[in-house]
Structures are given as structure tokens and as C-alpha cells.
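S.K.: So you can see what is in the structure, the chains are spelled out below.
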Amino acid sequence: MLLHVNPASGVPTYLQIETQVKHYIAAGALVPGDALPSVRKLAADLRISTNTVARAYQNLERDGVLRTVQGGRTYVGENPGSFLKSERIRRLRPYARQIAVEGTQLRLDPREIMELVQQELDALEEVNERIGDLDRKSR
Amino acid sequence: MYIWKCWRDSRSRFIVPVIALPALCVFFTYMEFKFAFGMIGAGPPSSVSQTWSHATSFVLGGVASLFTLLFGLVMGASGPGEEFKERTADFLLVRPRRRSYWVWTGWSVGVLELSVMAFLAVAATFGTLTYLTGHVQTWRPLATAVPLAIGGAVAYGLTYFMTVVARNGQQGLSYGFGIFFIDLLLPVAASYYRNVSLPSVLGFMLGACKWVAGASRAFPSGSLVLWTAIALALPFAAQLVLERAEV
Amino acid sequence: MNELAIWTENLVKVYPGVRAVDGLSLNVPRGVAYGFLGRNGAGKTSTIRILLGLARATEGRGTVLGFAVGREQVAILQRTAYVSESKNLYGSLTPRELVRFTCGFYPNWSDQAVAKYSRLFEIPMDRPFAKLSQGNRTKAYLLLALSQGADLLVLDEPATGLDPVVLDEFLRILVQDVIAEGRTVFISSHQLSDVEQIADWIGLIDHGRLLLEARLDDIKNQFRFITVAGNGLPQTESPEVLLLASEGNFHKYLVKKNAEAFAAELSWQGATVAEVSPLGLREIFLALVRKEEPCTSGNVGEIAEAVSSSLS
Chain H
9 MLLHVNPASG VPTYLQIETQ VKHYIAAGAL VPGDALPSVR KLAADLRIST
59 NTVARAYQNL ERDGVLRTVQ GGRTYVGENP GSFLKSERIR RLRPYARQIA
109 VEGTQLRLDP REIMELVQQE LDALEEVNER IGDLDRKSR
Chain F
583 MYIWKCWRDS RSRFIVPVIA LPALCVFFTY MEFKFAFGMI GAGPPSSVSQ
633 TWSHATSFVL GGVASLFTLL FGLVMGASGP GEEFKERTAD FLLVRPRRRS
683 YWVWTGWSVG VLELSVMAFL AVAATFGTLT YLTGHVQTWR PLATAVPLAI
733 GGAVAYGLTY FMTVVARNGQ QGLSYGFGIF FIDLLLPVAA SYYRNVSLPS
783 VLGFMLGACK WVAGASRAFP SGSLVLWTAI ALALPFAAQL VLERAEV
Chain R
333 MNELAIWTEN LVKVYPGVRA VDGLSLNVPR GVAYGFLGRN GAGKTSTIRI
383 LLGLARATEG RGTVLGFAVG REQVAILQRT AYVSESKNLY GSLTPRELVR
433 FTCGFYPNWS DQAVAKYSRL FEIPMDRPFA KLSQGNRTKA YLLLALSQGA
483 DLLVLDEPAT GLDPVVLDEF LRILVQDVIA EGRTVFISSH QLSDVEQIAD
533 WIGLIDHGRL LLEARLDDIK NQFRFITVAG NGLPQTESPE VLLLASEGNF
583 HKYLVKKNAE AFAAELSWQG ATVAEVSPLG LREIFLALVR KEEPCTSGNV
633 GEIAEAVSSS LS
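Chains as they are written, first to last, in my numbering: chain H, 9 to 147; chain F, 583 to 829; chain R, 333 to 644.
Read the hints as simulated data drawn from the structure, not as lab findings.
The C-beta atom is built at its ideal place from N, Cα and C for all residues, glycine as well.
Hints are not guaranteed to be accurate.
Straight line, CA to CA, 16 angstroms or less: simulated EDC-like cross-link-like pairs of lysine to aspartate or glutamate [as the list claims (entries may be wrong)]: (1) K463(R) x E668(F); (2) K587(F) x E501(R); (3) K419(R) x D672(F); (4) K49(H) x E429(R).
Examples of chain R residues toward chain F, derived with CB under 10 angstroms [stated by the list, open to error]: (5) R388; (6) E391; (7) L397; (8) A400; (9) R403; (10) S418; (11) R428; (12) E429; (13) S609; (14) L611.
Sample of chain R residues facing chain H (criterion: CB under 10 angstroms; computed from the structure) [claimed, not checked]: (15) L386; (16) Q529; (17) I551; (18) V573; (19) G580; (20) N581; (21) K584; (22) S599.
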């Protein structure tokens, strides 16, 4: 798994990692059962503190995205379909609020904001399909 | 570790004195023997013992003492004081040792070197006398290594202390020489003009050697205590200064 | 106090004519990378010299790894590796001899580390230190510090003379061999990009005082610039809000917490909020440290006064 972090960004590094991992999973590049690099290795490769990586992994594990086994290795967790729908909706709400607030700040109207979200969903689906195609071809 | 480094740093300043001092002693012993013998003439053993006694007083008490002091002064321009000039003090003083360790280790290496030097000088004199007069008249001259070493330690400690204060070996040496000359000349002047006897390190060394030679009855115990105390007080003073020093 | 790698309480250091350290209270946790930032002359090196026993504090006290500064200094030095700003070593000794000199002081010294890092950094081990380039000197100094097996690394401008490749390698070593082992790194620097890369915590010092001490993540999560235009906007601040600049109706705030709420409040007052943006370390540094310098026309005196009173 390859990541890129930008330490000079206003976005905290651990958040950048979380976002990218989730993106990979959403796009199907990482599937349940895939092993992630150890905290130490990822930190060393990115030249960032192990505490930062550990925090990202912990958060993802708390969210059910990742799963750590006894031996210490971290894997992509089972589909969050195992969570109740109400729980999943509850988790997404802060992000929805953020979009609403940011969008309003930027003086976009609700229709434009919704359109934006739809575009992103469509893009993800497209990537997912392409990876699925590649998978099928390689088997 | 640090001892090794002190030795390494002092090597160049040690090599000349450790050869020169015994060489000087051999030379002056020979001169002493030649001219005194010539004056006294080949004669009964009392003149041989006189030769031995005179050599102990003059060569060891005079020549060797003076040069030991001078060499000691020069060798003392080393140690933790120099670290400031080299700008390595912030490296050395962050090593996990008390500041007293740096002071006393450096000083001990120097004093050890001086002692070796003193002993070689004494041994060279002794050996030369034995060779020239044909036999060992007395083992006593070997004891002069003690006042020589003590005197040398005083001179060494003086410059060593001044180097710590001035944070620079060359300046420390200048101050050391200055004080040494005062200690050399002041007692002479005081004794001559005012009839007051002031302690002088050269005077002590000379007096002690004379006593060993049997040329004087009085054992200079007061001076021995005084100059030993000064020899130890100087590095202690250096320790106090270094402990309060800020890098 | 004992769980902290470094702790100070109202540390003061007065030199003739200047208070280099002026009431500094540091809290550096163990096992993190702590970036000690500040301008040249802000008091970083003076603070470090006190912690390492090279200078004595005028007032205040501190501990390093649980040991009292001053009183238990040797215990601190046994466990702390220091890379000084000047990085000067004995000119006549080669790196190999310097290793030989240094290793005896430390029971946890690692010869494998020496072999590994001397190879990685490509240090000419048998050339006298005086004949080494600045970059090689820094590398030799780093070699000694990294091989010591210390619980705390105190690095004062560690990147002097290092080219980007070596610097990158050094950062990797810091992560892999120091932080991952649960040891602490304390980096003092004004090279923000290096620090920002690796730091978990930030301590920002200016004129001998701590302006900010927080996790870098929290800073990035919570600090925001808010640029607004409007009438009758707040000119004085709460502890959480600083007015950075003002030009007529335009204002720029630095908000340390609850930025959205503040922005919303400004909106309800009829202001136009142009931007609520997150800050990188460089922007935070400049915003907090530049308060005493004129930033815009007009209101200069008031801004400085208001800002410094909100920080005190």
C-alpha cells in the first residue's frame, strides 16, 4: 500500500492517512483481509512519527475499518455492513454537517452541493468498476 | 577514553622535557664531576662523597629543579581549560561525568608525566655519578625525586589552573609564567632588602635536595607540607572554577 | 512530572542586559517527537543549555527524564544524547577515534549502530575531523549521538550542512530507531518543514516565553484563519481568538478553537465570511510570532496591544 502525506498541509497527517485508506477501500483497491504495513514500517517509509500512524490505525480500527490481530498485524476489516444501519448513519452525519456548513460558507445553494456529492459518488463507482474489471481479467 | 585523550594531547609537550631533563642532568653532573674533581684533585673518599653531595645539591637541587619548574609550567597549558578555546567544551561537558573528573584526570596525567620525568632525571644523575665515581656512594639522591615531583606539580598546577580561568592555554601560560617569576624573585628581594624570608618553590626544592645531600641539617618539613598543599590546592581551585563555568 | 521527558517550571535565564529565558514552563511527554520552534534568539539554545547543565538557570527548576536539572545532572547526561548547534569536535581525531573516545562513557553504546550509520551516512571514518566538510562533521556528530543508546535525543539545528538525501535518511532513522522504540526526540529548529514532518508536539517559543504548546494534530484540527469583511466586528479578543490584521472593514482572525461557531456568529452579525481555512505550521508560526511587528497600515499599536494582552 502506497500513501502520500503532505506534512505542510493544514490537514493533520493522521487524518490524511485515514482518508487515503478509506478511499482505497471504497474504491476496492484494498479489500477485507488485505494486510496493511506495520505502524513502524509505514512511519519509516513516510518519514513521520509512529505516533501519528498509530493514531490513524487506531481511529480506523475504532471505526471498524481496520482490524488488528493478536500478533500485531493490521488488516482491512470486514464490510461495515456488520454495523447497524442507524449506527452507520450516525457515523456519517458529522461529515454531512461539514459539507452543509462548508457549502453554505462558500455560498453554494443546496442543489449545487448535492450535485457535487453525487459527482463524487459516481467517480468512486467508476473506479470500483474499473478495478473489478482488472481483477476479473487477471484471474 | 579521557585519559587516553589527555595522554595524546600531552605527548608533544612531554617528549622534549622527558629527554631534555635527564640529558641536562647527565651533562651538568659530568661538568660538576670534572671541575670539582679537578679542583679537589683525586683524593680520599671524602672528596667522592663531596662530589656526590654537591651533585645532589647543585645538579638536582638547582639545575633539575629549575628546569622541572619551567617544563611543568609549559606542560600545564592543557586540560579542560583548552576545551573552551577549541570550542569543544559543549561536547566534553555533556559527557556523563562530574566536572571534577575532567579537572583531576587531566591533572593526574600531567603530574604522572612530570613524576616520570623527575625520576628519570634523578636516575640519570645517579647513574652518571655511579659511572663516573666508580661505585654507588649512597642511595639517598634518589629521594630527591619527591621534591622535584612536588615542585613540578606546583608549576604544572599553576598553569593548569590559569588555563581553566582564562579558558585558553596560551593565556594561562602567560599568567602562570608571570606568577612564577614573582615567586622566584620576590623572596630573593624580600630576603635581601628586608631580611624577610618568603616561601619560594624553587627554594623549597633546593632546600630539600640539600637536606638529602647531607649539606644541611634542617629537614624542610614546613615547606614540604606547604608546597604539597599548594600542589593539591591548585587543581582543586580549578575544579571550583570549572564547576561554576557556563559554556 | 516523571512521565514527562522534559519538564520545566518558570525557567528564567538572565544574561547581562537580556532575559533570554523568561518564565518557561515546558511539558514534553515521553516517546514523542517534540518540535521546539522559535526565531533566532528566541531562547531555544539557552533553554537547552540549562537542561544539559551547560548553563545555570537564574530562576525556576526542571527535570529531564525524571531527574532534577542541576542536582542530578550526571544521571541526565547518562541518558541524553545531545547534538549541539556548533557541532564541533576535536580536530585532530578521526571519526573512528572519536567513537573510541565516546563509547566508553555509555553502557548502552551500540557498535552495530556505529557500523550501520557510518555506512548509511557514508562518513569518512579515518579522516581527521578538522579536514571534514560541514556536512560530514554534522554526520559524524549525529553518528555519536545516535549510537549512544540514549532515552532522549536533544537536537539543536540537526540539519546543518546536510543535503536533502542525507536529511531524509536521518529522519527515517529517527522514526525507525528512536521514536518507534519509545524514546523521545526533542528538536530545536527554525527549519519548520523538517520539524513539521516528524513532530507530534510543538512548543513555540518567542522572547523566552512559550506562546503555544500542543499536539500538532490538535493545532491543525482546531486552528483556523477566518477572513471577514463587515462593520463593527470585534476588535478585542478572547483567549481563543486573535485579531491578526485589520484594514478598514476587513479583518483577519486566528481562532484557536470552535472556529465554525465563531464564523457562524460573525455571519449572523451580517459579516461576510470569506474564508475559514486551516493552517500549516509555518502560518501558525508567523501569525503568532509576528504580532509585535507591523502587519498592516493603521491600528498597528492597538493590534499589538490587544494581541499581547490576550496572550499574557
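S.K.: Decide, hint by hint, whether the structure agrees.
M.R.: Hint check:
1. K463(R) x E668(F): Between K463(R) and E668(F) the Cα gap is close to 15 angstroms, so the pair holds against 16 angstroms.
2. K587(F) x E501(R): It is violated: about 32 angstroms lies between the C-alpha atoms, which goes past 16 angstroms.
3. K419(R) x D672(F): Holds - the C-alpha atoms of D672(F) and K419(R) are around 9 angstroms apart, at most 16 angstroms.
4. K49(H) x E429(R): Cα-Cα ~34 angstroms, so violated.
5. R388: holds (7 angstroms)
6. E391: Violated: closest Cβ of chain F sits about 15 angstroms from E391(R), beyond 10 angstroms.
7. L397: Violated: closest Cβ of chain F sits about 12 angstroms from L397(R), beyond 10 angstroms.
8. A400: violated (15 angstroms)
9. R403: Violated. Min distance 12 angstroms.
10. S418: holds (6 angstroms)
11. R428: violated (13 angstroms)
12. E429: holds (9 angstroms)
13. S609: The hint is violated - S609(R) has no Cβ within 10 angstroms of chain F, the shortest such distance being about 42 angstroms.
14. L611: Hint violated; L611(R) Cβ to chain F Cβ min 35 angstroms, cut 10 angstroms.
15. L386: Not OK, violated: L386(R) not within 10 angstroms of chain H, min 28 angstroms.
16. Q529: holds (4 angstroms)
17. I551: holds (8 angstroms)
18. V573: violated (18 angstroms)
19. G580: Hint on G580(R): violated, closest Cβ of chain H at ~22 angstroms, above 10 angstroms.
20. N581: violated (18 angstroms)
21. K584: K584(R) check fails; min Cβ-Cβ to chain H is 15 angstroms, beyond 10 angstroms.
22. S599: Check passed: Cβ of S599(R) comes within 8 angstroms of chain H, closer than 10 angstroms.
Checked against the numbered hints above, the structure breaks hints 2, 4, 6, 7, 8, 9, 11, 13, 14, 15, 18, 19, 20 and 21 and satisfies the rest.
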